Amino acid sequence: MATNQSSDIVLDQAKGSLSDLWNKEDYWSIWLGFILLIIGIIIYFPLGPENMHEKIKEANATLAKEAKSTPFKSIAWYEATDSKKKLKATNSDIGNTIKNFTNKPHKWSNNPVEAFFMSSKAAEAKKVQAEKKYQEALIKEKEALEVATTAENIAKLSRFNDSSLNAAAVETIDKWQKAHLAASKAKSKAKVKAYNQIPYLFGLMIIIALFFGIGRQVMNKDMRKFLLGFVFVFIIAVLAYTAASNSTMKHYGIGYAAWAILFGLIISNTVGTPKWVMPAVQVEYYIKTGLVLLGAEILFGKILSIGIPGIFVAWVVTPIVLVTTYIFGQKVIKMPSKTLNITISADMSVCGVSAAIATAAACRAKKEELTLAVGLSLVFTSIMMIIMPALIKAVGMPHVLGGAWMGGTIDATGAVAAAGAFLSDKALYVAATVKMIQNVMIGVIAFGVAVYWCAKVDCIPGQKVSAMEIWYRFPKFVIGFIAASIVFSLIYGYMGKDVSYAIIDHGVIGGLSKIGRGWFFCLAFTSIGLATNFRELSHHFKGGKPLILYLFGQTLNLILTLVMAYVMFYLVFPEITAAI
Amino acid sequence: MLLLKKWVYLFSCFFLIWVFIFIIAPYMEMLPMVKPIAEFIENSGIDAGALYYTEVEEASVAELNMYNTVNYTPQKR
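Quick mapping for you: the protein sequence lines, in order, are chains U and E.
Going by our numbering, the residue at position 70 of the first sequence is 70; the numbering climbs one at a time, nothing skipped.
Going by our numbering, the residue at position 1 of the second sequence is 1; the numbering climbs one at a time, nothing skipped.
Bear in mind the hints are in silico, worked out from the structure with no lab data behind them.
Note that the coordinates shown come from a computational prediction; the quantities given were computed from them, not determined experimentally.
Check each hint, because a few of them may be wrong.
Unchecked claim - Think about it this way: if two alpha-carbon atoms lie no more than 20 Å apart in a straight line, the pair counts; the simulated SDA-like pairs of lysine to any residue are:
{"hint": "1", "chain 1": "E", "residue 1": "76", "chain 2": "U", "residue 2": "161"}
{"hint": "2", "chain 1": "U", "residue 1": "57", "chain 2": "E", "residue 2": "57"}
{"hint": "3", "chain 1": "E", "residue 1": "6", "chain 2": "U", "residue 2": "531"}
{"hint": "4", "chain 1": "U", "residue 1": "185", "chain 2": "E", "residue 2": "57"}
{"hint": "5", "chain 1": "U", "residue 1": "426", "chain 2": "E", "residue 2": "61"}
{"hint": "6", "chain 1": "E", "residue 1": "35", "chain 2": "U", "residue 2": "247"}
{"hint": "7", "chain 1": "E", "residue 1": "5", "chain 2": "U", "residue 2": "533"}
{"hint": "8", "chain 1": "U", "residue 1": "85", "chain 2": "E", "residue 2": "42"}
{"hint": "9", "chain 1": "U", "residue 1": "178", "chain 2": "E", "residue 2": "5"}
{"hint": "10", "chain 1": "U", "residue 1": "85", "chain 2": "E", "residue 2": "71"}
{"hint": "11", "chain 1": "U", "residue 1": "187", "chain 2": "E", "residue 2": "61"}
{"hint": "12", "chain 1": "E", "residue 1": "76", "chain 2": "U", "residue 2": "71"}
{"hint": "13", "chain 1": "E", "residue 1": "76", "chain 2": "U", "residue 2": "269"}
{"hint": "14", "chain 1": "U", "residue 1": "126", "chain 2": "E", "residue 2": "45"}
{"hint": "15", "chain 1": "U", "residue 1": "57", "chain 2": "E", "residue 2": "45"}
{"hint": "16", "chain 1": "U", "residue 1": "191", "chain 2": "U", "residue 2": "128"}
{"hint": "17", "chain 1": "E", "residue 1": "76", "chain 2": "U", "residue 2": "153"}
{"hint": "18", "chain 1": "E", "residue 1": "6", "chain 2": "U", "residue 2": "154"}
{"hint": "19", "chain 1": "E", "residue 1": "76", "chain 2": "U", "residue 2": "489"}
{"hint": "20", "chain 1": "E", "residue 1": "76", "chain 2": "U", "residue 2": "574"}
{"hint": "21", "chain 1": "E", "residue 1": "5", "chain 2": "U", "residue 2": "272"}
{"hint": "22", "chain 1": "E", "residue 1": "35", "chain 2": "U", "residue 2": "424"}
{"hint": "23", "chain 1": "U", "residue 1": "275", "chain 2": "E", "residue 2": "10"}
{"hint": "24", "chain 1": "E", "residue 1": "6", "chain 2": "U", "residue 2": "269"}
{"hint": "25", "chain 1": "U", "residue 1": "189", "chain 2": "E", "residue 2": "71"}
{"hint": "26", "chain 1": "U", "residue 1": "275", "chain 2": "E", "residue 2": "7"}
{"hint": "27", "chain 1": "U", "residue 1": "156", "chain 2": "E", "residue 2": "75"}
{"hint": "28", "chain 1": "E", "residue 1": "76", "chain 2": "U", "residue 2": "158"}
{"hint": "29", "chain 1": "U", "residue 1": "178", "chain 2": "E", "residue 2": "36"}
{"hint": "30", "chain 1": "U", "residue 1": "68", "chain 2": "E", "residue 2": "73"}
{"hint": "31", "chain 1": "U", "residue 1": "175", "chain 2": "E", "residue 2": "71"}
{"hint": "32", "chain 1": "U", "residue 1": "133", "chain 2": "E", "residue 2": "42"}
All chains, please: the whole structure from these sequences, using the hints.
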């Protein structure tokens with residue numbers, strides 16, 4: 001592409017050729033992403049749990065029967081839901097092998113060595129303690145179940161016509177569910193095993209290095225230089241995961257993205273990133289491949305999970321906030337960079353870091369701009385995760401409303417789940433589902449931003465851009481991203497929710513593509529840090545305009561989401577709210 | 001000398017990170033507003049730093065529950 005004097009504007013026609021398919025990074029990210037997805041399908045599609053279809057049929061029959069005969073969610077209703085929850089392809093031998101091999105550093109508290117190694121003696125000591133707590137939790141669950149069963153039977157004797165007996169049954173069933181969840185958590189903690197993650201991490205480093213190295217070699221780059229530099233980048237990425245797995249950092253929701261950028265920044269702005277590392281500092285290569293994998297997780301059928309209220313809160317409010325914030329940024333704050341503006345607007349209104357990554361890549365934002373957007377999102381996510389549930393409790397807001405509010409406004413899903421669960425199961429279910437529906441919107445946003453940027457932004461004012469020109473300029477990896485989303489959404493819809501839960505959610509995605517995506521994004525953020533000059537970064541923050549933009553957008557988001565959630569869940573669809 | 005200064009800066013930065021992880025952050029967790037949710041996250045095991053819904057097991061459970069609620073809604077009397 002030719003450029004005029006301003007580097008922000010692109011002139012003339014771009015050209016493409018067939019050799020782009022193996023010479024351009026965008027296409028390599030598509031090939032690599034799809035290779036991984038196809039491997040996931042080959043592994044997990046045949047691995048549906050034993051008698052999966054029969055178990056699903058039986059559970060759904062129970063759910064249908066209970067829904068007809070009992071005016072509240074009965075014990076049998078919950079047990080049928082539980083039986084479906086257990087159907088996961090990742091519970092297979094190969095699923096567990098992949099999980100162990102690709103594991104990140106383990107959770108640790110005071111001794112970082114625990115992130116990589118736990119002796120049999122230490123594991124046994126932890127297991128004994130955890131097993132004791134599990135047995136106690138199990139007894140409490142059994143007692144709660146007995147009480148709930150008695151209350152439900154008493155309500156049944158009056159044919160569920162006595163509202164006070166029904167209310168008593170609901171209350172005891174809720175208590176049983178809490179005890180059941182606590183017992184499940186205790187059971188997981190009791191499955192402590194000794195581990196030594198170092199050999200696995202070494203093996204994983206080699207596999208990922210070769211995975212990306214092949215593309216680098218074909219694109220006429222020196223694979224040996226890439227492999228050498230990759231060792232350094234991978235080690236920093238592992239350190240980022242290590243910091244993120246510290247238990248105190250988990251309490252604040254400070255994840256790997258922040259640490260990867262920070263460690264990279266520290267190295268590049270003190271001793272400097274060594275020259276031999278630079279061939280492996282490939283931000284776009286890692287991010288684009290990760291985004292193609294993310295495409296498979298954007299499943300359009302999920303937007304119906306909570307019915308129309310969820311769609312309105314997540315898919316109507318979000319684009320309004322996004323566009324309004326962008327326009328405010330351009331016209332009022334006069335942000336110097338459109339790409340920074342749209343990246344911040346997207347990460348604040350949609351779903352934080354993952355939206356920032358997709359949008360920044362779609363509009364070709366600078367890495368410093370992505371860093372800034374990610375930093376703002378992570379800081380405010382931690383703050384809102386702490387403040388919002390406290391505020392909801394203090395004002396006595398109903399938990400369905402509070403959950404929808406948090407789901408639509410707190411940026412990261414982990415923080416949303418923590419804040420929702422802190423309030424109640426109800427708040428968690430609504431919050432996490434609303435957030436998930438918002439997550440799915442990334443696909444539409446990324447595509448829309450890519451088209452808008454090619455057609456309107458990256459051109460001289462008044463220049464008419466032909467469809468072919470838009471194609472040439474279009475970031476090609478977005479095609480892989482959207483294609484993965486469409487293909488998997490179609491497969492998901494064809495197979496039905498329950499089977500897809502077992503072999504896609506907890507198979508291809510949970511057992512492989514999500515794992516790869518996590519590592520690739522961590523490598524990308526590490527690379528961003530290693531390639532960023534702190535002065536360039538601080539230059540983008542001058543005047544505090546990004547912060548003002550974020551605050552404006554998030555304030556608008558908080559107000560609109562609350563209003564929409566109230567209207568949808570309490571005025572228009574109160575029957576859905578009553579059923580939750 | 002300049003190289004030495006750079007290494008001093010590097011180790012100083014990592015020292016500050018150490019101070020944040022082991023001193024400042026744990027101290028802030030004792031604040032009344034932070035303590036309850038910090039304890040909850042510790043006990044529940046929720047990954048509060050997870051970025052996308054597929055990384056949070058609770059989101060998967062929530063979705064299944066919501067799906068069943070919408071599709072198998074108990075009939076009120």
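Each hint tested on the structure:
{"no.": "1", "hint": "E/76 to U/161", "verdict": "holds (10 Å)"}
{"no.": "2", "hint": "U/57 to E/57", "verdict": "violated (24 Å)"}
{"no.": "3", "hint": "E/6 to U/531", "verdict": "holds (17 Å)"}
{"no.": "4", "hint": "U/185 to E/57", "verdict": "holds (12 Å)"}
{"no.": "5", "hint": "U/426 to E/61", "verdict": "holds (12 Å)"}
{"no.": "6", "hint": "E/35 to U/247", "verdict": "holds (14 Å)"}
{"no.": "7", "hint": "E/5 to U/533", "verdict": "holds (18 Å)"}
{"no.": "8", "hint": "U/85 to E/42", "verdict": "violated (23 Å)"}
{"no.": "9", "hint": "U/178 to E/5", "verdict": "violated (56 Å)"}
{"no.": "10", "hint": "U/85 to E/71", "verdict": "holds (16 Å)"}
{"no.": "11", "hint": "U/187 to E/61", "verdict": "holds (17 Å)"}
{"no.": "12", "hint": "E/76 to U/71", "verdict": "holds (5 Å)"}
{"no.": "13", "hint": "E/76 to U/269", "verdict": "violated (64 Å)"}
{"no.": "14", "hint": "U/126 to E/45", "verdict": "holds (16 Å)"}
{"no.": "15", "hint": "U/57 to E/45", "verdict": "violated (32 Å)"}
{"no.": "16", "hint": "U/191 to U/128", "verdict": "holds (10 Å)"}
{"no.": "17", "hint": "E/76 to U/153", "verdict": "holds (17 Å)"}
{"no.": "18", "hint": "E/6 to U/154", "verdict": "violated (75 Å)"}
{"no.": "19", "hint": "E/76 to U/489", "verdict": "violated (34 Å)"}
{"no.": "20", "hint": "E/76 to U/574", "verdict": "holds (13 Å)"}
{"no.": "21", "hint": "E/5 to U/272", "verdict": "holds (12 Å)"}
{"no.": "22", "hint": "E/35 to U/424", "verdict": "holds (17 Å)"}
{"no.": "23", "hint": "U/275 to E/10", "verdict": "holds (17 Å)"}
{"no.": "24", "hint": "E/6 to U/269", "verdict": "holds (9 Å)"}
{"no.": "25", "hint": "U/189 to E/71", "verdict": "violated (33 Å)"}
{"no.": "26", "hint": "U/275 to E/7", "verdict": "holds (17 Å)"}
{"no.": "27", "hint": "U/156 to E/75", "verdict": "holds (14 Å)"}
{"no.": "28", "hint": "E/76 to U/158", "verdict": "holds (15 Å)"}
{"no.": "29", "hint": "U/178 to E/36", "verdict": "holds (18 Å)"}
{"no.": "30", "hint": "U/68 to E/73", "verdict": "holds (8 Å)"}
{"no.": "31", "hint": "U/175 to E/71", "verdict": "violated (24 Å)"}
{"no.": "32", "hint": "U/133 to E/42", "verdict": "holds (15 Å)"}
Going down the numbered hints, you'll see the structure goes against 2, 8, 9, 13, 15, 18, 19, 25, 31, while the others check out.
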